[in-house]
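*Asks:* Turn these sequences into a full structure, and let the hints guide you.
Given next are the chains, with one letter for each unit.
Number of protein chains: 4
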Amino acid sequence: MTELDAVKAALKTQAVETPSWAYGNSGTRFKVFAQQGVPRDPREKLADAAKVHEFTGAAPTVALHIPWDTVDDYAALAKYAEELGLGLGTINSNTFQDDAYKLGSVCHPDAAVRRKALDHLFACVDVMDATGSKDLKVWLADGTNYPGQDDIRERQDRLAEALSAVYDRLGDDQRLLLEYKLFEPAFYSTDVPDWGTAYAHCLKLGDKAQVVVDTGHHAPGTNIEFIVATLLREGKLGAFDFNSRFYADDDLMAGAADPFQLFRIMYEVVRGGGLTPDIAFMLDQCHNIEAKIPAIIRSVMNVQEATAKALLVDREALARAQRSGDVLDANAVLMDAYNTDVRPLLAEVREESGLDPDPMAAYRRSGWAERIVAERVGGEQAGWGA
Amino acid sequence: MTELDAVKAALKTQAVETPSWAYGNSGTRFKVFAQQGVPRDPREKLADAAKVHEFTGAAPTVALHIPWDTVDDYAALAKYAEELGLGLGTINSNTFQDDAYKLGSVCHPDAAVRRKALDHLFACVDVMDATGSKDLKVWLADGTNYPGQDDIRERQDRLAEALSAVYDRLGDDQRLLLEYKLFEPAFYSTDVPDWGTAYAHCLKLGDKAQVVVDTGHHAPGTNIEFIVATLLREGKLGAFDFNSRFYADDDLMAGAADPFQLFRIMYEVVRGGGLTPDIAFMLDQCHNIEAKIPAIIRSVMNVQEATAKALLVDREALARAQRSGDVLDANAVLMDAYNTDVRPLLAEVREESGLDPDPMAAYRRSGWAERIVAERVGGEQAGWGA
Amino acid sequence: MTELDAVKAALKTQAVETPSWAYGNSGTRFKVFAQQGVPRDPREKLADAAKVHEFTGAAPTVALHIPWDTVDDYAALAKYAEELGLGLGTINSNTFQDDAYKLGSVCHPDAAVRRKALDHLFACVDVMDATGSKDLKVWLADGTNYPGQDDIRERQDRLAEALSAVYDRLGDDQRLLLEYKLFEPAFYSTDVPDWGTAYAHCLKLGDKAQVVVDTGHHAPGTNIEFIVATLLREGKLGAFDFNSRFYADDDLMAGAADPFQLFRIMYEVVRGGGLTPDIAFMLDQCHNIEAKIPAIIRSVMNVQEATAKALLVDREALARAQRSGDVLDANAVLMDAYNTDVRPLLAEVREESGLDPDPMAAYRRSGWAERIVAERVGGEQAGWGA
Amino acid sequence: MTELDAVKAALKTQAVETPSWAYGNSGTRFKVFAQQGVPRDPREKLADAAKVHEFTGAAPTVALHIPWDTVDDYAALAKYAEELGLGLGTINSNTFQDDAYKLGSVCHPDAAVRRKALDHLFACVDVMDATGSKDLKVWLADGTNYPGQDDIRERQDRLAEALSAVYDRLGDDQRLLLEYKLFEPAFYSTDVPDWGTAYAHCLKLGDKAQVVVDTGHHAPGTNIEFIVATLLREGKLGAFDFNSRFYADDDLMAGAADPFQLFRIMYEVVRGGGLTPDIAFMLDQCHNIEAKIPAIIRSVMNVQEATAKALLVDREALARAQRSGDVLDANAVLMDAYNTDVRPLLAEVREESGLDPDPMAAYRRSGWAERIVAERVGGEQAGWGA
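Just so you know, the sequences run in chain order A, B, C and D. The numbering of the first sequence is this note's numbering, which starts it at 1 and goes up by one. The numbering of the second sequence is this note's numbering, which starts it at 1 and goes up by one. The numbering of the third sequence is this note's numbering, which starts it at 1 and goes up by one. The numbering of the fourth sequence is this note's numbering, which starts it at 1 and goes up by one.
Since the hints were made in silico from the structure, they are not lab data. Accuracy of the hints is not assured; some may be wrong.
Pairs count within a copy or across copies, as identical chains cannot be separated in the list.
Result set (BS3-like, lysine-lysine): computed pairs, CA atoms no more than 27 Å apart in a straight line [as the list claims (entries may be wrong)]: (1) 208 <-> 134; (2) 236 <-> 204; (3) 236 <-> 208; (4) 12 <-> 134; (5) 102 <-> 116.
*Replies:* Rendered as structure tokens:
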């Protein structure tokens, strides 16, 4: 196999998980602008996700969010997904939208609230059992808004206790993926604010606990690819939440704000042997003002382009330049790959996979956008509301 | 008059405007936690604001937000405020919650939307005419989320045109206060992102246009007191929106996150002759998890304490140390005031004004919190929703 | 002329000014790593700059820094530059390396120090008269490290007075370019910290005063292209200092840290009609660990590539998408240009201009690097030292 | 013992280590302003440190930096310190000022450089053996300036190898304290950029490896007290480097930029049982423009004031409010301690310890400042230079 063939082969098997909630409405604290044709239930979300996969060939699974995607029969939902050519992916818990969670969930000072949150996490594992999902992704909105509001350290004790209980509940093939976030919705302290905290907890939990890197959840100036490289080295990188940001957790389309950063991240993934099914590559974005399905298609394509560039890095030449201490040469090798226009290569990959070389154009021609606007009338549009 | 008497006199006349919307529910994009006893209409907001003024003696006016505070008869509302011992203050426009404003308001690419937004701003001036409010505060959520989404420069042209039209509509005693904000809800570009942009527009508009400094609307590391000093020097500081933040526009209680910063800001206000009725000292906060009325009382007290410390700075000693180039001495003079516990002084000021020395305790004893929970049953709680 | 021809024509005339000091040693506060072959006087710096221009065809002028480039006979230096195929560009003042400037220069509390700094600025204009340089670039390290250290507002008064005196000293064809910087070397307040401050001063000074945008001098999250667009709209953009940064004022090679940002900046330049000789496009970088001449060649090429992409934006299609409010389409038009590999186009442009298509390779083949190492033995290497 | 007595007792035994290099000259990359009377050798630094301890009673040990404090006879230096009433504290290594370290030290791509750096670290342990110092503090300037410059992950392997070798060299009572830093002097990647990285390495090394928190080494928005609480909970907090900053690693006097933050940090220290000799409380600051000895006295006092406030927090009342979920009450309990003017209490503590209640005034009266200016003439002033 030539090197280019190897690159193509890697691109052909790349899988990006799309989140069910990205197909629904979202917004800022100021306003949620509703869009026409938005899904009204989990099946309609899956139908939209199927279109993303149909045209990109790279989005075979869909992450669910409980309770936003609560259904009576998860096995039936998994079956429906299968009929659409999809699989159900990560189960995402929600311990932030119940009125009880005003001051936290598993870190709440009140044991009753902690118990309620824990029960929800257990229920999510039940959903996993029903859907066959292997990953439980836990993002906790827990934190405090004011100094003194609660005891930072005790909250860590409560956190450890809850995570341990959830971990014990996991089956042999299930994982707990712990996501960190610098701030928001908590504005003073967050209980899992950085990769160090997530890593420390996962380490104690065991091999089935791993860290989620959401690319929008860091302080300004954070070198995210360093974290990726470090977690891969430690065997503790479980998943990505891709999105992009200029300021805070802006949740823009992956690759839209800093395509060079996405490339650098994907380079560390490739270099660290992380381009495998063991790591879940997920989008987690909000399409507040742009059309949702094409925005997701664009995001998948952006991830593909960053990956293609990362795969094209001449690693031998790079290692040579690095070892020789030639700063400019080493940088040039990396930039040569980044500066390459990989769109023709990806078009080729798609054609070889029986896909239209231009997923966006194909989606537009498909009439799906018009069809959902026409058909999805009445009912309540899906959104972040519980 | 001794110096301490002068300090007391200044503190006795200090006025902090509270915003009607701070009495209603607010939250993050993830969840709005409803509180019991929250006002259901503008009159109930005023009733709550009257309590803040009753116990602090320092919150005599209330800012309105249109359309959240839309009423049929503004004159009647103003009359009601007067009966409560309050005045109506700044009128705040809202050009971000209508579906039309998805891509902006006065900067929108579509002239029809711009016209709609402009009409709203005119309507706000009508409200001012009816209430006797002298200030129109314009914060625009306008901006873009993606590079290329719209033409940054053309949006400035549209902005200038709209502001000019509003300016022309003002009466002789009315002002246009232009507020800037780094980001959110727009995540790539914001049309009035910094004081420089607001200043440049106000300069062209004329003397009745001035800049609003919202303490939470800056990039990390921004020296806000420098901006305050500069705008005062230019005669272009019109108003404050006080709140505090650790990360982004967190809208925590003023003085809660960085009390030293609030002191430094108030020092520049005092030093620049800004402690006058010409500058509107307003709170603009979200009490997402804490009780609203006491949080506002606390915020008013925090502003008072920062002001008291600023007034206590020995400016002659400071100037002497500054002129001599003694860095440590100059810093020590400032810190001496900051490190002073001014709570006894403020208790004295309150007692001399016939108030309880401890506004929080007095409010708690008043039974108002229990009363509104009992009485305000049914109806729809006020919030940010249009 | 076809559109591509127009793009090529623009690229052929593009001029990037290189700074004399980038050819000398620089470092961080921790260490300056000396390199072999570094120039020992202004003529050797010019000789190196001539090589950059020889191979890129795009670096025809060199900025001087006084006193680092002090010579007895500036006319002779200009003549020497001419012989090398170069022109002398901006004169950069230095009011931060004399012991007197510990607490500031033109903003210093002591009038004698202010006078000394002003005399230096006058002397720089004298140099301009001798060299024929038309631009005086003023970056002031003035500021304070501790709250209270000096009076923020009085410092503005002193600043205004000094700038006015310098402005009055300018000839008809000379400009004062005022540079702002968020922080460093001052850590609490900086006297010209942002574009708003620089703009406000320039506005009062008059038409010959304009603002310099150093791409590394902003707070995290600042949208620099917005500032560029705004200053162009106001007719107040005088020059750029290009470099790149991940954290603070890192002074890395232009385009190295965020090539997408450089593209967006150049797009606003092109769109705002700024790709003209009226705006000085300068590099201002530190090559602490990489070889200096090739680093500067790379930087010039990075600016060229960003410019080429900016010129390739299909502005009609973009305007159409923007006007229609199609967020994804508009973004896609911009990204299409960014994702284009413009290196072949630039190779063509170079060949059509009689240059080697690969400036880096040509420089390496030239033997210059080896020659200066061999020849420049003894003497004191140029650096930031006064 | 009453509670106040316990507070006083804690304050009387509090020890802040001062760094030898803070007595020497320092500056920014732009300029080092020399001061008169600055020490010229390690003994003179100790003499200055003795003055800080004489007047504060709280600075009994001095950290050394090798090679800046290299002497022929460390035992003699320790003896001299003892005569001055001081002890020698932490030994700080320097693997950044030799020309070999341009691309790193223990993470350098070249094994010979790594060996050289390792030998230096071993030599530092030798110094510890000679001085009786128990802590080796390792701050590595290692990192890269450009993407691709070196392999991020391999550098971690090299780092781990070196740390392990140093760890093995430690005696039973010696510790390796690993310091992290976000950026500078490396501008793209830093090999120990955050607490998570330092923690992960220390965890693998063993019990004698602990993390150093330098308060100026974090990204904007980082909640440092959370890190302190977490490391204490993990038993991995070894030491502090106190200083303060508005922007980056500004190295201003501790408590000067954000006294509230210093209080919150000290509160977590107190709450987490960290106010013990097991944790080294060190200053690490640069007095670029202010007089050095009084600046250090002021910093020690600032740490004392923050500690006093932290000790005054009514922890029972706080826990009660926290458990009840009363956000405002809990915050108020903390703020009550912060708003207290603890200067009278500290004056009392000093008097009870036989010290002058006002260390700054006492130092000024002592004539030491004048004496060192008069006596320390000729020779080379100490500074950061190798």
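*Asks:* All the hints need checking, so say for each whether the structure fits it.
*Replies:* Outcome of the hint check:
no., hint, in the structure
1, 208 <-> 134, "within (10 Å within a copy, 39 Å between copies)"
2, 236 <-> 204, "both (12 Å within a copy, 15 Å between copies)"
3, 236 <-> 208, "both (9 Å within a copy, 24 Å between copies)"
4, 12 <-> 134, "within (23 Å within a copy, 57 Å between copies)"
5, 102 <-> 116, "within (13 Å within a copy, 38 Å between copies)"
Figure legend: structure checked against the earlier numbered hints; every hint is met.
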